[in-house]
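Undergrad: Spelled out, the chains give:
Number of protein chains: 2
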Amino acid sequence: MPTIKFLPHERETQADDGETLIRAALEAGVHVNASCGGEGVCGKCRVIVESGSVEGGISEKLSREDRKKGYRLACRSRVSGDLVVRIPIESEIDASVLNLQSLPRRTARIQQMNLEELKEQGLFNPPVEKKYLELPQPTAQENLADATRLVSYLKLKHGEHRLVVDLPVIRKLPQVFRQEAFKITAILARPVQEGRKTRIINVQAGDTTNRNFAIAVDVGTTTIYGELVNLIDGSAVAQYGEFNGQISYGEDVISRMMFAEKPGGLERLQEVVVESINKVIRKLLRRSRIDVDEINNITLAGNTTMTQLLLKVPSEFLRRSPYVPASTLYPPVKAAELGLELSDHVDALVYPAVSSYVGGDVVAGVMGSGMYRTDELTLFMDIGTNAEIVIGNKDWLACAACSAGPAFEGGGITFGMRAAKGAIEDFSIDPFTNEPMILTIGNVRPKGICGSGLITMVANMFEMGVINHNGKFNRDLDTARIRETDGVVEYVLAFREETQIDRDLVLTEIDIENLIRAKGAIYSGCMTLLSEVGMAIDDLQRIILAGGFGSYVDLEKAMTIGLLPEIDPERVTFVGNGSLMGAKMSALTNRIRKDVVEVTRMMTNFELSETASFMDNYVAALFLPHTEMQHFPKLKARLETRRAALQ
Amino acid sequence: MPTIKFLPHERETQADDGETLIRAALEAGVHVNASCGGEGVCGKCRVIVESGSVEGGISEKLSREDRKKGYRLACRSRVSGDLVVRIPIESEIDASVLNLQSLPRRTARIQQMNLEELKEQGLFNPPVEKKYLELPQPTAQENLADATRLVSYLKLKHGEHRLVVDLPVIRKLPQVFRQEAFKITAILARPVQEGRKTRIINVQAGDTTNRNFAIAVDVGTTTIYGELVNLIDGSAVAQYGEFNGQISYGEDVISRMMFAEKPGGLERLQEVVVESINKVIRKLLRRSRIDVDEINNITLAGNTTMTQLLLKVPSEFLRRSPYVPASTLYPPVKAAELGLELSDHVDALVYPAVSSYVGGDVVAGVMGSGMYRTDELTLFMDIGTNAEIVIGNKDWLACAACSAGPAFEGGGITFGMRAAKGAIEDFSIDPFTNEPMILTIGNVRPKGICGSGLITMVANMFEMGVINHNGKFNRDLDTARIRETDGVVEYVLAFREETQIDRDLVLTEIDIENLIRAKGAIYSGCMTLLSEVGMAIDDLQRIILAGGFGSYVDLEKAMTIGLLPEIDPERVTFVGNGSLMGAKMSALTNRIRKDVVEVTRMMTNFELSETASFMDNYVAALFLPHTEMQHFPKLKARLETRRAALQ
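Protein sequences, first through last, are from chains Y and G. Position 189, counted from 1, in the first sequence is what numbering that gives the first Met the number 0 calls 188; the numbers after and before it change by one each time, with no gaps. Position 294, counted from 1, in the second sequence is what numbering that gives the first Met the number 0 calls 293; the numbers after and before it change by one each time, with no gaps.
Among these hints, one or two may not hold up.
Repeated chains share a single entry, so a pair holds when one copy, or any two copies, can fit it.
[Stated by the list, open to error] Below 30 Å or equal to it, Euclidean Cα-Cα: the simulated DSBU-like pairs (lysine-lysine) are:
| no. | residue 1 | residue 2 |
| --- | --- | --- |
| 1 | 261 | 182 |
| 2 | 593 | 635 |
| 3 | 311 | 130 |
| 4 | 261 | 171 |
| 5 | 311 | 420 |
| 6 | 393 | 154 |
| 7 | 182 | 171 |
| 8 | 593 | 333 |
| 9 | 311 | 154 |
| 10 | 4 | 282 |
| 11 | 129 | 333 |
| 12 | 471 | 420 |
| 13 | 633 | 311 |
| 14 | 182 | 311 |
| 15 | 311 | 129 |
Simulated from the structure, these hints should not be mistaken for lab results.
Assemble the whole structure, with the sequences as input and the hints as a guide.
TA: What follows is the structure, encoded as structure tokens:
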């Protein structure tokens, strides 16, 4: 990878060939003014290529003279080989002050399911296994019932005990046995609880032991993700995502539950989500060229609402205080009974929930991330409209849902939007000029701010003194970007002509307040859980992030605003779709299925609104980063350095 | 009850007021000539009432003089008070010879299910129980899931552990809980196997613990019997029988199985039998004024073919050598899934079978009769078209199906018929005149011979020397009733004008041969089972008869022809419909359900045709009573007395 050196900062970074210079600067924590998101229209991101050469970067925004001097637009220049790039400094500052600028962007290390580790720990024991048998044929002297023959020889040849034969299998046994002269493959479903019986759920003529598959599904409120896995080696065969068709009946869980209360509503929503899952199943089968009869198992995880709707359980009291789910544990159910287009012999395992707002998706995340098997005190966070947090380790687990509101998905923010093209996802600010550096998804002119962008933005502004501890803009700064409109103080990220939205794109103090409330709810949730079990935030050893949000958020920035507790970023990992990961693990290994029940029981749920200490913790968290600065030593040091440098 | 003394025999008997004199004579073992079945048309049953008086008995068949002398027709005379009755003797014989006549008629003592005994032995533990709970209502501080609340309080208030809540229950919990302010009744289905979980199969608002019912069904090839039982006190509430609608598709199991092999045949037969069972269920509910929702359990027993057809299991290989059933054990299945008109929460327990021809009906009989709990070496027999026999006690059980053929149901006998009006059911013969005494069901002119009548007839003729050891008529007798027609020797039971059938009603040597083959198959079956386990026929301590046949058969006569081993008739009992009795016991007590599985495993099946000793035993049994007379000491003594008296 080419190395790029930025002057006068003397900061080096590496970037892929073809990467834009402006993004390389951002990754290096080097500020370059930029308002148009990287589209090349504002002409502000002028840099001088002092050594090496870039592709592109020439623009009418640059005069002929500038071009001769080596000026390029950083957002249009693509790396090709090592470079030395100088950022033109417009005021007299020294290099030490330059280094007060943003820390390099840093996202969480991705943590994937480690099949080998599972195998080593003896945790890879598929819930459904196949056994091949060449049975002796019945004679006048030995005319055992077909089912008895099957059970006896599974015992004799494979040491299988405590077997029970399902009725549909009994119905097909006579035919299947005689199809290939009593050479057959039996499909065994293992009991989750020890001491219970192994069920023979299917039989096939001949030897089919080399084909054995399962499906794992995350039933999300918005999207349904499925993964088809091979039960023989544990490998992933195909993945597919599809919108949850229930979206037509309401965007969020509350509106879905309201629809479910209408006559026929519950049945309709159940049919719709099943059809969406069936679409995923069909796609997975087509992609992997696997026949539906080869799927022997399906595991599904979703939040409590999604789970109840999928199982056609009325959700009337789930959405009303005191928020009582019908159940948290669900017995296994036939997939076909739910309407899933799978063979009759397939059981659907549905992940258990802890409470109305800590659902099976979170439990699956806890299972998938392995936090329930670790000694380390771990914080698991799944941040979406609601944030669910789980704290603990192999000995205890405490969990809560935090009413974070939709700020992290762009909701409640004046120009908030989902992480889509045109959303500001990266930001830095020049501490002298207070000019912004704005990069958008897709490098187009900005039209809004996504959740991770908002965090980066507020963190940067706070660290550079543009925003104070209370989340208010510093009124003393000499910049036109900070202004008051209709009684609300705001910072102009991009002026009208630099945007796609035909008006100034701003960040207001109300937006910041909303963000602070959201992050305060989550952080105080963590503090409350910890204090309830007699521990403190500094005891945390590890953070696991789940959900789409976790893959983009800049860890140091999230710590700067006090969303995440300040720990070594190396100790923060991202598990992606934790729900799908957990579902997949349960599809692959029976031990996990057994553990799920125990883990769910172990997860002590706290209703934060009913926990005495929560309100105090919450109020204390309504500052940047927090009233108790001692928990943020690194940030404190940086702020002190900055203050000293600027004085 | 009035006492009737018969002269010159000096025999006394008791009879109900209104009973006919001829039947009283028969019960006393006193022969009176009679050919017309008791209709009063042959005029042969002349008797003299010497003391007391009868109602009726005057007929044009009696001359005025005879009437004056006190002559009456025995078949038309009804007992009313004590009587002394003289039978006119037409030849010179002494009283000792008169006493050579038949032993009094004696049927098996009826053995009913003894609920009190079950309760004393701790065997009355219904598989489904109800528990009433007044639950605390959820609050903001304590908002357990409804299912968790239910499970927790069942544990707290009723000491219930290891509970699992069925999905349909989860679906209705929220509504039912809030219907009567969290006062609810939970319906618990106990596990059959210890250590497994108790399932919560239903919940109802309020206290419904005083209503808890189950249904037991005998799925017979011809008739379906149902009984509705109260699970609270074990009492029988209603009984009802209905033809099995499958009869339209074939009379016997073989023709049913043949139909089942046609396209759609199996499905059709399943629907038809389910509809017949539904008729029984509907009738039971109407009769007992019980709502279908109050039925919490159904247990069904039937032969292997009936069971496979009910469960929609193909029977193709069941009817073909080597006669392999698909299964002998069946997992519990939802009643509604079979099409039974019961609530969704009701499980159907189907009795396990031992082999193709020793089915769940026999296992149920073994359970119902309690033979598996006794120390005594017991013979259980269910005689129909096939005879199934089980020998053993609490330590071991051996069983076999005997191809007895339909002789006991009147099949293969020239004038054989089912036990219906006009069937000869009682018989004796005058050892001097060789004239018969014939009584029919309904006291009408005879039209045929039913199974129990045939046995009585042949036994009597054999004991009186009319038939010899080989089943041949004694050609030396001076009677017109024994004659040869078309090369076959026969005995005329009733001449044309005394019958309903416009021809002579006869018993032929071929009929006798068929009866001997049938009884020989059964007796040799018993001998074979006993010899295979190293025991002998004389070791038998008890006989249990099941099936309609068992209630009518004259025990001493059945021993005389060698159908039953000769034991004290006091030690023979009749359990009636053993299949229904067993089904009922399983419906009432969970312990029996558990025992069923072990008993079925314990029942060693012998395919007689494949058992080396069987053919020898069979050939030895093709005599009256048997080649080995030493096993029939009482009969032997009687025959010797007769021989001495007649010489």
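Undergrad: If you test the structure against every hint from before, which numbers come out violated?
TA: Violated hints (numbers, rising): 2, 5, 10 and 13; every other hint is consistent with the structure.
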